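> Protein chains in written order, with the numbering used here: chain A, 1 to 110; chain B, 1 to 172; chain C, 1 to 976.
Calculated directly from the structure, the hints in this document are not laboratory data.
Treat the hints with caution; some may be incorrect.
Derived pair list, reagent style BS3-like, types lysine-lysine, alpha-carbon separation capped at 30 Å [what the hints assert, rightly or not]:
1. A/Lys-98 <-> A/Lys-46
2. C/Lys-579 <-> C/Lys-490
3. C/Lys-969 <-> C/Lys-937
4. C/Lys-673 <-> C/Lys-380
5. C/Lys-862 <-> C/Lys-937
6. C/Lys-861 <-> C/Lys-969
7. C/Lys-868 <-> C/Lys-673
8. A/Lys-49 <-> A/Lys-98
9. C/Lys-427 <-> A/Lys-98
10. C/Lys-427 <-> A/Lys-46
11. C/Lys-868 <-> A/Lys-82
12. C/Lys-868 <-> A/Lys-46
13. A/Lys-49 <-> A/Lys-82
14. A/Lys-98 <-> A/Lys-82
15. A/Lys-49 <-> C/Lys-937
Treat the numbers as computed from the prediction; the structure is a model and nothing was measured.
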Amino acid sequence: MLTLTCPYCGITAEETELHPGGEAHLTRVGPTGTDEEFEAYMFARKNPKGVNFERWRHAYGCGKWFLAARCTATLQVFGTYKSQNAHPPADIVAAIRKSRPDWNPDWTAE
Amino acid sequence: MANPLATITRQTGLGMITIRADLDRAGDAIAEGVGLAIPDTAGMTGDGTRILAWMSPDELMLMLPAAETPGAMTALEQALTGEHGLIVDMSDARAVFDVTGPDAADVISKLVPVDAAAMPTGHLRRSRAAQTAIAVWRHGDGFRLFGFRSTADYLELILQNAAIAGSQLAPR
Amino acid sequence: MTHMPPFRLPAGGRLIDRALQVPFRFDGRHLRGLTGDTLASALLANGQMLMGRSFKYHRPRGPLASGAEEPNALFGLGQGGRFEPNQRATTTALTNGMILRSQNCWPSLEADIGSVNNWLSPFLPAGFYYKTFIHPRPFWKHVFEPVIRHSAGLGRAPTDPDPDRYEQAYSFADTVVVGGGIAGLTAARDAADAGGQVLVLEQTAHWGGRTPNDHDGGQMAIDALLADLRARDNVTMRRNTMATGLYDHGYLIAREALADHDPNQGIPRQRLWRIRTGQVITATGALERPLSFACNDVPGVMLASSVRDFIADFGVAPGQRIVVVTNNDDAYRTALTAVAAGLDVPAIIDARPQAIGDLPDAARRAGITVLTGSGIAKVKGSRNVEGVVICDQSGDGTPTQTIECDVVAMSGGWSPVVHLYSHCGGKLVWDDAQAMFRPDPDRPPLGADGTGNVTVVGAANGDLRCATGLEQTEGATQPVWVMPANAPYKLRAKMWLDFQNDVKVTDVELAAREGYASVEHTKRYTTLGMATDQGKLSNINGLAVLSNALNQPIQATGTTTFRPPYTPLTLATIAAEAKGDAFQPLRKTPMHDWHENHGVSWEPVGHWRRAYCYPRGAEDRHAAVNREIMAVRNAVGTLDASTLGKIIVKGPDAGRFMDMLYTNMMSTLPVGKCRYGLMCSENGFLMDDGVVARLSDDTWLCHTTTGGADHIHGHMEDWLQCEWWDWQVYTANVTEQYAQIAVAGPKARELLDRMSGSIDLSQDALPFMTWAQGDITGIPARVFRISFSGELSYEIAVPANRGLELWEQLHHAGHDLNITPYGTEAMHIMRAEKGFIMIGDETDGTIIPQDLGLDWAISKKKTDYIGKRAQSRSHMTDGNRWKLVGLESLNGDVIPDGAYAVDQGLNPNGQRRVQGRVTSSYHSPTLDRPIAMGLVKHGPGRMGQVLDFPMPSGEVMQARIVDPVFFDKEGGRLNG
């Protein structure tokens, strides 16, 4: 059972205090999107073995949704950060690369 | 028969006001409105009768004698005039219990996934007690916790069960 | 030779108190043990070597071990609700008046009819069931399965509720040391020196592990460590606490026995510890392995260490003449202990070509014959050991001599206990020199930070000589997987690997021949290691036999997966406090007790209890519901609607947020008005519905379904926090702040007019779908003119603390109006009479609002709302989607809810095509006929057509497609 530290209230909570929310950093596709774009947004998930970014809500705590960078194979947690980020921030990227030198971000930073 | 680990007492007559606002912008006004300093993250401030608790980055909970609730609501509404905020009276939505006695931490430790013995004074921990949401903090000779009103009987039952005489957590 | 008294030795037994006798009952016999005995030692002390029957062949079984690995000596314990099957005699402390029952035998342990299977054993090889009961196919369900099920299962499940109390507790530590032997205590001291909180867990009642029995000065060394640790305030020591499993991020589960089989203390029987720790040090020791020689399962063949334990710990002689058979030096200790206790050790049979070292020397000095290079060809005796036939270990079992004895103490070497280490991903290496799997220090389990969080010390790490400063020189263990090495089939077919499940060397060999190359498959095919001891003794020997049969090294075969719990946990301990009234939270409305006092029949709705109806006198539920409906239709009724979700949405951007949440336009709702709204998931499906009231310019109040309150609040916060975080909106879930009462019926206004208050409830002042605020009899209230029954109706929200007061005042004031409390079933039927949908009845997570004819509640003007894009997909706009209609039964019977309407022909799976299904179905007391709603292909365009609904009985019910609004279509009743 995982423990994650909520970046909003600083509490290290166990999984039973949290609510999972699936893959992070999805970009919403609204009514103007094509079928393909909507399918990719609604259903296509990376589900990687390894570094993954995911949504968690501190449901039995401050109620905030936060994001976690975690290895799905070893369950190593590289860090947690606030939801109001379009991409994982630099310190999270650095923490991942420290443990996984071969890993590269699949987004382009603005 | 030995004594239970702690005395479980339901508290009534406590007013509770939920305040949602941008604490960076409106903190000073709120502090002035309720007469207490804005607490640190997961912290509490108080003056003996009132407690202001940090619930979330944009949420505070003011606990005070029930009779003072309408006045405090008005004061807060005034303090937040022109500011985006939400003031809600939640006094009736909660059930409050005191868990007091030398082994009160054992009772909390049986129900809440936190290190109760190590919990500092002035810290409010939102979590769960068995299967229902609660907030708990050190209070007097033990702890005070509140949960949802509808679960009051459940909370009382699990607290009483956890406090059963002879069930101290100390190694035997 | 038989097992002869005296069984209790005149002296010795470090764990017993000879002054305190403990009476107990075993299969009806009255026996006595001593304080400190286990069940196994107490039975042995009474001369009872036969302690069970094996599972498959019902062969007689004695105890093999003295600890948690015991596979044979399992009993049913206690009576009534306290009866517990499969209790391990070697780890269960004897208590006063204990009642033991033997298992898996009939009519008795001594004369077990099931042992006929033993004579059939040549015909019951591995995989027998799989091969035999395949044909003819129809026989499986009605013949084979019932018969096999009858003989399956070990022990009986108790039939009464468990009266004992259980609990759980959370604990936090920097380091948890599992195992209170010398390695664990030493590691705990070192960890405590390094700082941080240290928790030490020991599964038995005694500290020290094997050290006090195995080493001179062992007890003193343990006592010194205990004194040191107890003096430290950062060390907590728990006995009787078994670490059952290690999980992610340092989560360790342990079971503390507080009052096992001693229910009179009034304290919880067991406690489940949920421990979160930074580091785990496993010091779980090692388990001795049996040797595979013919008839190694005869009662009296025991592990060498356990023979030593029974003598040293309990002063019990398992036998008077003990032959030791071994492939290592450690078993010599058993011979020395036995001789020192005055017992006869006619020989030590050592499979190794030579035995050199301190222990063999000591044995020889004690006058014990040591036969090296030898093995046991066969054990003589069937119900108890009568002797052993000796042979050359390197040969084929040709007898060299026979030695009479009543106990065989065997040792095939030791296997580190690697369970906890392996539970969470720790990997093992094969240690050829010591013939064991031990933890691989390079591949430990990883913690949250990605570094190893388990270290292993002592025998658990393969360091069998870890008793620091106490070690004697010991010679190397020589692997012996079959004894003798070239034993023919006839002998191998009598060598037991798994003693409880009756898996023999030849069974594993057969599995290998039949292509079961994977150890996991072999395990399931043969049931090796699937008994209640989970392969603690059988695993390594089985792997070795499989590896030999596959002609590959053991490391290539690998191990089966180690899964928690280490030893069985009672379900009650896992449930802990969650039983009886505390099984789950039961949420009560402010009027709960009133309902209870007025004969309510409850309906669980999530964790809530809602009034289903209020039967009076001899009324059944159906009659009560009908009466309640007629009261509302003809007079006035009250419904406790407090459980409905109530969420405040406020802020400068609340209007546009509301427009995204709901399918219809909420931003244009005038202050003071109400509007029914639908909420969809982003995938387009209808999720929740309810009435929205605009409280002020920037504030809306959303009503949700009872079950939807928390979910919808979370849904709102999700979008606000994660998608539109720049929008200025706050939400608050105020569900529990208010009691809400629906007052419905043609006399509702008349009733409310009798109550004093500041709110004008007239049709002009408060028309349908408006709300007002004020007080009713001095109680602050918000009144909503909304209706789910089709009648004139007011929903009144008051502070929860005053809900009961208002409810009682309404009933007092409306007495002469026949005011009637009504429940959820009356509400459901009345809404169905009106054709209103119900989330969960008409919806099931695959239904969009358009399916339900709710297009009127979907804004055409809005460019976006949650779910809009999804609803424009081709499948969602397909004209063939099933749509909501009313259904009118032709024969006057109520069509069962969920019944399917069939279409012509068969689908590609050969099943009858369907064209619709019933979503709600009731007898309408208002109309005195059945009414139903359903989803039907092209339904709204097929009014008047008749559908066929085949019933399980073969009968076909028929219903006509009609408008779903059955009652008061014009809506005239809404205004009273």
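> If a hint holds in the structure, say so; if it does not, say that too.
We went through each hint and held it up to the structure:
Restraint check: the Cα-Cα separation between A/Lys-98 and A/Lys-46 comes to about 22 Å, which is no more than 30 Å; the hinted pair holds. Between C/Lys-579 and C/Lys-490 the alpha-carbon distance is near 53 Å, which puts this suggested pair outside the 30 Å criterion. Taking the CA atoms of C/Lys-969 and C/Lys-937, the gap is near 24 Å; set against the 30 Å cutoff, the hint holds. Restraint check: the Cα-Cα separation between C/Lys-673 and C/Lys-380 comes to about 94 Å, which exceeds 30 Å; the hinted pair is violated.
Proposed proximity of C/Lys-862 and C/Lys-937 is supported: the alpha carbons are some 29 Å apart, at most 30 Å. With a C-alpha separation of about 28 Å, the suggested pair C/Lys-861 and C/Lys-969 falls inside the 30 Å cut-off, and the hint holds. For the proposed pair C/Lys-868 and C/Lys-673, the alpha carbon gap of about 25 Å is at most 30 Å, so the pair holds. Proposed proximity of A/Lys-49 and A/Lys-98 is supported: the alpha carbons are some 18 Å apart, at most 30 Å.
For a cut-off of 30 Å, the pair hint linking C/Lys-427 to A/Lys-98 stands: about 24 Å separates their Cα positions. For the suggested pair C/Lys-427 and A/Lys-46, the alpha carbons sit about 28 Å apart, so the restraint of at most 30 Å is met. Between C/Lys-868 and A/Lys-82 the alpha-carbon distance is near 28 Å, which keeps this suggested pair within the 30 Å criterion. In summary, the hint linking C/Lys-868 to A/Lys-46 is supported, as the alpha carbons are separated by about 25 Å, within the 30 Å threshold.
A hinted pair counts as satisfied when its Cα atoms are at most 30 Å apart, and A/Lys-49 with A/Lys-82 qualifies at roughly 23 Å. Between A/Lys-98 and A/Lys-82 the CA atoms are separated by roughly 21 Å; this keeps the pair inside 30 Å, and the hint holds. The straight-line distance between the Cα atoms of A/Lys-49 and C/Lys-937 is roughly 43 Å, outside the 30 Å bound, and the hint therefore fails.
In summary, the structure is inconsistent with hints 2, 4 and 15 from the numbered list given earlier, while agreeing with the others.
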